[in-house]
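S.K.: Okay, here's what each chain looks like letter by letter:
There are 2 protein chains.
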Amino acid sequence: METTRVRFPDASIELAHGAGGKASRRLIEGLMLPYLANEVLAELGDAACVELPGTGGLRLALTADSFVVKPLRFPGGSIGELAIHGTVNDLAVSGARPLALVATWILEAGLPAEVLEQEVAAMAEAARHAGVRVVGGDTKVVEHGKADGLYVTTAGIGVVDPRVHLSAASVRPGDQILLSGPIGDHGITVLLARGELDLEADLTSDTRPVWPLVSAMIEAAGSGIRWMRDPTRGGVATALNELARQARVAVLLDEEAIPVRPAVRGACEILGLDPLHIANEGQFLAVVSPEHAEAALEALRGVPGGEEAARIGEIGAEPAGVVLARSSFGGTRVVDMLVGDPLPRIC
Amino acid sequence: METTRVRFPDASIELAHGAGGKASRRLIEGLMLPYLANEVLAELGDAACVELPGTGGLRLALTADSFVVKPLRFPGGSIGELAIHGTVNDLAVSGARPLALVATWILEAGLPAEVLEQEVAAMAEAARHAGVRVVGGDTKVVEHGKADGLYVTTAGIGVVDPRVHLSAASVRPGDQILLSGPIGDHGITVLLARGELDLEADLTSDTRPVWPLVSAMIEAAGSGIRWMRDPTRGGVATALNELARQARVAVLLDEEAIPVRPAVRGACEILGLDPLHIANEGQFLAVVSPEHAEAALEALRGVPGGEEAARIGEIGAEPAGVVLARSSFGGTRVVDMLVGDPLPRIC
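First to last, the sequence lines map onto chains A and B.
Read in order, the letters of the first sequence correspond to residues 7 to 353 in the working numbering.
Read in order, the letters of the second sequence correspond to residues 7 to 353 in the working numbering.
One thing to keep in mind: the hints can contain errors.
Since copy identity is lost for identical chains, a pair holds within one copy or between any two.
As the list claims (entries may be wrong) - Listed below are the simulated EDC-like cross-link pairs for lysine to aspartate or glutamate, each with C-alpha atoms no more than 16 angstroms apart in a straight line:
1. K76 to E149
2. K28 to D204
3. K28 to D342
4. K152 to E114
5. K76 to E114
6. K152 to E320
7. K152 to E313
Note that these hints are calculated values from the structure, not bench results.
Next up, chain A with everything else stripped away, as it sits in the complex (with noise of 0.2 angstroms):
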């Protein structure tokens, strides 16, 4: 955790310190932690771990998020899905097996009972799939106007695997940087399922459940693995460029070695976005010991759905909170975290 203190200099809140970047970082670091301030919180992860008290160092990882992805539904997905998918994904990349959720409804008036329906449909039939129970929930309307059809939040508790011990701190150079699988997938689906550009392609969501696929790595790697984060909002870029920062290490990536679909590329260019920036829903990655990356990635493949998990960099010493893609055409960039908001709603 970095100890500048970066202050909120903003006058009203806009679409870009929702985005996961480097305005939503100004609201969180600038406005919120200043009164919210406490140790777990300062670590910033995907969710919070908590050691129970009685239990002999039995931690549990608490997390919550709010859902407000428009359109409702998309190729792939829905926003009931996604809340289930969003908290799990949470969970399992802080090493913990999901246990139990809840979701609570924030309803505009007028909203086609249909609608709702069809959601909590997709929300039932993902918790099944990913294992987990949906076990409470709270359901508030507002009046027609208020909210955009509706908005879910889900949080979610799962005890933390025993073997894992993750941190940005325990991150050291020559550690190898997992990813398990194709990016930008979701982020670009949503994108064009809105209908607002004239653009089409062949492509769905890719919002799943990864605790199969982490679970398996644990499996294979336990104690090896250092840190984990789902890349949503802000991408892989964002969420590498915090990693460079928390450690103080520089994130070396291989860019020809981070799979992207021709479809996204394709996207990405006309639009001129770059693919690490996109959103994801059903990836993640690993940093990972040198010793123990081969068969964190030999298990990763192993998985149904992780046939295209790739090794996509390491870690290095030098430049410190810095994240470098090199080509193998020889040139180097700097990957910056997120500015502003190419794709509001995204999730």
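With the hints as your guide, set chain B onto chain A.
M.R.: Positioned in the frame of chain A, the structure of chain B alone reads:
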């Protein structure tokens, strides 16, 4: 838990579906439970109790609530404070000491940063006062006009006191009904704070954490406590109707014993509302075995803020499923659940 299924017959969602009364019950039982049914959810408690594997029976309470109160600030509280109290109270009335919370924000683009900062500060102060940490969260931003300033969701976990085993099924005729203090303050305060009525009253919300009261009662009455509930939306009447229905007992109230401040009573008379239907954010109901009732009440009254706790009635065998209120002049009335939504967006 009643076994008859309530079908959801409504074509669209309306404000009443969020009011906590009959329409909410129809939505949850008719539309949500058919998809999400499991034995924990079916309890429909304030928080879900989940047994932690490998801990010899340690029970964790898990809960989440969304807050959409309007206006954001009102005499005695604000949405940030309410979001802490609402969630720690759901844990408390499940017999669980609050351990950790997570908070998510849905912000509207254009929201003045100082409005958000006030609520983050209010949340932090309430958490400190309640002795609980906010260990994580999420922030989303939607376009201007797609939220009403801001909505907050909080989720929390707590460890259930091993002495406490609460369930509607354990409630027996002869059990005593306790109430922690005067009812209706929150709902009427928020209603008047909107300034839409030509009414004023010297009244503040009762928003506060109830764990200190619950904790004292657990020390005094332990396993004698059968059931607890915080009567938020839908008020005391709705909570007790749910109890009567689930436990298949009669709830017999002594109407004069129920503490109601004159300002609340007066406003209710003018507006044609029943104080028993008005939301509370700092009170709770407890059903206690006859042998433990006196000790429980003494304990409540001994805690600052519990001086007005009262025994407000008892459980009877017949008429099962019904709440009856008896007045001193001999009249008896049936107290129904809340129907419709006279007070939208109260929490």
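S.K.: State for each hint whether it applies.
M.R.: Cross-check of the supplied hints:
| no. | hint | verdict |
| --- | --- | --- |
| 1 | K76 to E149 | between (19 angstroms within a copy, 11 angstroms between copies) |
| 2 | K28 to D204 | neither (29 angstroms within a copy, 47 angstroms between copies) |
| 3 | K28 to D342 | within (9 angstroms within a copy, 52 angstroms between copies) |
| 4 | K152 to E114 | both (6 angstroms within a copy, 10 angstroms between copies) |
| 5 | K76 to E114 | both (14 angstroms within a copy, 15 angstroms between copies) |
| 6 | K152 to E320 | neither (46 angstroms within a copy, 42 angstroms between copies) |
| 7 | K152 to E313 | neither (43 angstroms within a copy, 40 angstroms between copies) |
Of the numbered hints given earlier, the model fails hints 2, 6 and 7; all others are met.
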